[in-house]
Amino acid sequence: MKNEKIWYELDAFAKTYSSIISEGRTTCFRLSALFSENIDLEILQKVAISLEKKYPFYNSELKKGIFWNYLQQKKAHFMIEEEKTYPCTDIQKDNPLRIIYFNNKLSIEIAHFLTDGKGAALFFQDLIEEYLEKKYFLENIEKDKKDNLIDKTEKKKEVEIEKINKIINFGKKINKNEKDFENKKSEKNFF
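Its first residue numbered 28, the sequence shown is counted upward by one per residue in the working numbering.
Be aware that one or more of the hints could be misleading.
Listed next, the in silico DSS-like pairs over lysine-lysine satisfying Cα-Cα at most 25 Å (straight line) [said to hold, decoys possible]:
id, residue 1, residue 2
1, K162, K32
2, K32, K111
3, K80, K32
4, K162, K73
5, K145, K81
Everything labelled a hint here was simulated from the structure, so no lab data went into it.
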């Protein structure tokens, strides 16, 4: 049971597409997005690893069965590579999903037997969202934590202590005759 591999059955369309793959006949498509800055490979790799948990089906390879093809989950991570060839060429049966980057362009190439356009668009949307979140949002939080952690926590403690002292009035005797405790009528009528 330890070495039991997870496999997925192909639907009718996937069986057709998986059987006609050849060098001259590509059955993949590409989605791309352009960013204002170059792609950070380190962040992209972290995002890809986190997406493997959400999309385990996409991290699989095509295998030939006795009667039909099937998908088997891979142990390796999603393939991330720099773009070097023409789009949608050389899609491998052992790697039906590729994440490709070049300068400021991020693309995915995915075989039709793995998903349709909607499934690929959802995956690509999640990839972009998580990438941007890690690059711009979490990166800034981590930077702030490193730069200002001591300053912020000390300032926060001082402010909290001042607020508590004002509310509780530590060490002060309260004089009920002071004007602060007078019951004042409001000049505005709220009703």
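Cross-check of the supplied hints:
Proximity of K162 to K32 is assessed by CA-CA distance (about 34 Å); at most 25 Å being required, the pair is judged violated. Taking the CA atoms of K32 and K111, the gap is near 33 Å; set against the 25 Å cutoff, the hint is violated. Our distance criterion of 25 Å between C-alpha atoms is met by K80 and K32, whose separation comes to about 16 Å. Only pairs whose Cα atoms come within 25 Å are accepted, and K162 paired with K73 is accepted, the gap being roughly 11 Å.
Our distance criterion of 25 Å between C-alpha atoms is met by K145 and K81, whose separation comes to about 16 Å.
In the structure shown, a violation is registered for the earlier hints numbered 1, 2, in ascending order.
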